[in-house]
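Residue numbers (our numbering), protein chains in the order written: chain A, 1 to 170; chain B, 1 to 301; chain C, 1 to 626.
These are computed hints drawn from the structure, not numbers from a lab.
On a predicted model such as this, the values are computed, not experimentally measured, just so you know.
Capping the alpha-carbon separation at 30 angstroms, the derived lysine-lysine pairs in DSS-like fashion look like this:
#, chain 1, residue 1, chain 2, residue 2
1, C, Lys-44, C, Lys-394
2, C, Lys-21, C, Lys-394
3, C, Lys-145, A, Lys-96
4, C, Lys-31, B, Lys-64
Partner residues aside, some chain A positions facing chain C, computed with beta carbon under 8 angstroms:
#, residue
5, Leu-65
6, Ile-68
7, Glu-81
8, Glu-92
9, Pro-116
Ideal Cβ placement from N, Cα and C applies to all residues, glycine included.
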Amino acid sequence: MPLRDVALGPYYLLKAMATTFKHNVRPVVTIEYPERQKPVPPRARGRHILHRYADGLEKCVGCELCAIACPVGCIVVEAAENTPELRVSPGERYAKRYEINLLRCIYCGLCEEACPYDAITMGPRYDLADDHPDKFIAVKEDLLEPLPASLADTAVPSAAPSAQKIPRKW
Amino acid sequence: MPQTELLETALEEARAAGYIGRNVLGSGFDVDVLLHRGAGAYICGEETALLTSLEGYRGEPRLKPPFPAVKGLYGKPTVVNNVETLATLPHIVRNGPDWFAAMGTPTGKGTRVWCMSGHVNRPGNYELEMGTPIRELIYEHGGGIWKGRSLKAFQPGGASMMVLLPEHLDVGLDFDAIAKAGSMAGAGAMMVMDETTCIVDVARRLVKFFEHESCGKCTPCREGTYWMANLFDRIEFGEGKPGDPDLLLDMGYNIDGRSFCPLGDASTWFPRSVIKYFRDEFEQHIVEKACPFRGEREAVA
Amino acid sequence: MAVVTDQVTLTVDGQSVTVAKGTLILDAAKKLGIEIPIFCSHPKMEPVAVCRMCLVEVEKMPKLQPACAVYVMDGMVVRTRTEQVQRYQNGVLEFLLANHPLDCPICDKGGECPLQDQTYTYGPGASRYDFPKKHFDKAVPLSDKILLDRERCVLCWRCTRFSAEISGERELALIQRGKDTIIGTFNDQPARSEYQGNWTEICPVGALTSRQYRFISRPWDLDRTATICPGCSMGCNVHADARHNRLGRFQARENLAVDDGWLCDFGRYSFPSFQREGIERPRVRRDGRLEEVSYEEAMAAAAQSLRRAGPATAGWASPAATNEELFLFQRLLREVLATPHLDHGRGRGEAATALEPDDAALPIADLERCDHVLLLGGQAVIDAAPVLHLRLFKSERKGVRVHRVDDARAALEAVPAEAQAVGIVSSLGRKPEVDSLQGKLARKVKGSVRRLLVPDGPNGRGATDLGFGPGRGPGYASLDGKAGRARPDWEAAGVRALYLFEASPLHDFQASGEEREWIQRLETVVLQRPRPSPLDDLAHVILPGRAFVEKAGTVTNMEGRVQRIRPAIDAAVVRDDWKILQGVAQALGADWRYRDPDEVFADLSRAVPAYRADRIGERALWSERA
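This is chain A alone, in the form it adopts within the complex:
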């Protein structure tokens, strides 16, 4: 081995280290998923959200237009009538049952297009992994927007409890 190479050894070593250190201080491009999530574009089509009015009443009237617009038929809606005792939405009719099969859903957003009351929109949530197919049936409670903070502890009546209560990871 020529002496010259031996003398240059530390030089190359330092050069390599410099590259390493340079990258050490550069901004990070990855994030700590799933603890942190990237904000999605505003019009991204993630899991659906059922909206409420400012007074906490549900916007959905159970018209089933989303269900008929859905190209894969993954939405099931059953409607019922509001009564003075159980007022869920402002008008005469509300959705008693609202279920979306998220495994079948193709996230096309046609339900959102079809909705005459802007009750359903595609939300930002896209990471819907879970460990059992049953857990992908999103029921109304899963989809509904939380009550506005001002109404958080008022008892706003909701529809009859859904049939299944499975803890979901999403």
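With chain A's structure known, arrange chains B and C on it following the hints.
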């Protein structure tokens, strides 16, 4: 009501004289006359609505055919005549048809009663020979426009008829001549308007009258008059939109000739003629967002 | 060839069509396949021409003419799609929608609404009406069955005309006038009509809706089955609409020969009683307790007990069972168990001896071709088959004299000797009386005298035809002195085992107190029924079967029309009744190998030739019997 009392008295006299009732003048023929008072609905001036109302149902026109002469009151053949016709009869009977036919114009024989109202000095009922110029009715018999003002417009035949202008004053008072001038002699109710009149407001009030009197049977009349009344309200009170006159014209097209009876058709004639002659007044209402005549009229009042 | 004078030829949109005189332009156009939009016009009601949707151009007529009210004339030239007509159609829809709430998303009519459909086809894309809409009361309860939404109403008068012209009750009327016009009952009293459901069907918008069907489903979600109403022996044709395997509603399925397109409220709103709740399994009583077992076990247990009783078994069938089931059950009892004790219905021994094929029966549709109709029994007969009232009222409007009488003597007096065609309508229970009246009338009047007898249950007539009674065999065959006893006499006849076959909650066994006591003492009670019954406590074997709306087969209506019923809801959790009957028979040693109800029907046809597979939907013709 004195009129009905008068008629009742006349009927009693006729009955006492044996002209009506059982065995008229010993001829063995029975005929009686019954005076029935309506409840005042305009639609019941339509002959079939009149019959429906007489039968005790809602005053609504019936489908024609069958015409009343075939199937009228209680399904029996019925002749429906106007008071005007009946009022002319005694004179014709007394003086003969030739006397009657000698008056008037070749196409409109005899006389007619014109009921003049509005801004004239002497409103009232005037029986004139057919063909008499309108100018004579308004300026001689009616004593001219009140308060020394000038004529703005007039309606020759009743609430539904198209408006005519001062330039039509020399038109003769007969059916053909008035029709040629672009209006109709109709019921002979002459309404005269002076220069301070807001023609939009006149149309508004007339349309509201038709909206109120519409029986609601057919769609164009029920919905159309309501809509037109809303539009006129909006224009008159300064909330009109630039397209409103054209919308009114289009609505007139959709109502006229398409409603069940002439009431719906008639509700559009006056507004449409007004838009034809006085479109600038509509524009003025819409642009100025107020009625240009309102201040003036209130000052007059 | 002679000139046919009652035909006229006209041109619609350039196509020539020849129709009978007195045809409306609308119908002439329909014959050509040209659709003219309508709201107020209804084929069964007098034209009123109020909605003005159907205006068309007719040559030589200055104004547009309502196609629903103008009759055709020879040489008429009609144009339905000119620019003027289209502009008017657009205009009238704009008028109709001006004050319509457009709450289609919550309206039960949404999806099958003529106003919606026609707006899409003929209407404007947007409204120019920018004022606040008129407001009326919404969801006004007209009765316990119907809700009225006055905002959606387009005042087509169909419901008021139905009330006046079809049911004759005049319960609905127009109130107020002009823009304030509304539909309502007198003084807002609840409507009492028995035919209110029809209002919801003829309403061209969502103004009149059914309370039972309220928000149940969208029309496109319904599974529609063409079947027969389980209400009574009228045999009205219905569409049974189910969603998620739950019945949502019955709708009329027009059959001019039977129902004329109408239903009564009893039949129409009877469907909730057919709703199956949960899964049921056969049960056998062991040591006094009912235990769930398999069908095979239960059938074997039933067979074992029945074999013991043998000819001391009595069989009762619901008059809502199908012909196929009745035939099999009849064979099971007569051939396998060799018992003569068969009965159905309320078992009043209904004319059990005087049975004969009703060849000369008056077809329902011929009521309006009679000149005198005797309603022997009055309202009671109507209550047994309410749609008959609509038929009779229609006949009356056509000039038929309908006499509502209670005894035969009054009936005989009511009909004049010069009557041409007399119809007698009564219940089957009064058959002997009707027979003698028919005889006396036939001697009195010049014309024909025919009768229409109303049995109990949707297949009461089939039960009689197939010999499901103690007196006659299938097809009224003589039993050669081996006649059995009717239901009231079973106790006296020493019956030890009872096989009850219920098929509809509307026509179940309905045991009286005495009967219950007697049944309690029996050694064997086999109960085959579609849903829990009050007799469950007394039964030894319970075989869950299917209800009327869950099975396939044929039923025979009062005039002898054999009509097909189809399963409207899937009841795969329970076994078909004919399979159960076959299973019991096989367990008793019979060699039955039917694979489907059609094979049963083929066998049935051999025993009763009047019932022919190629004539389902028609009346059974007895005189053609070879």
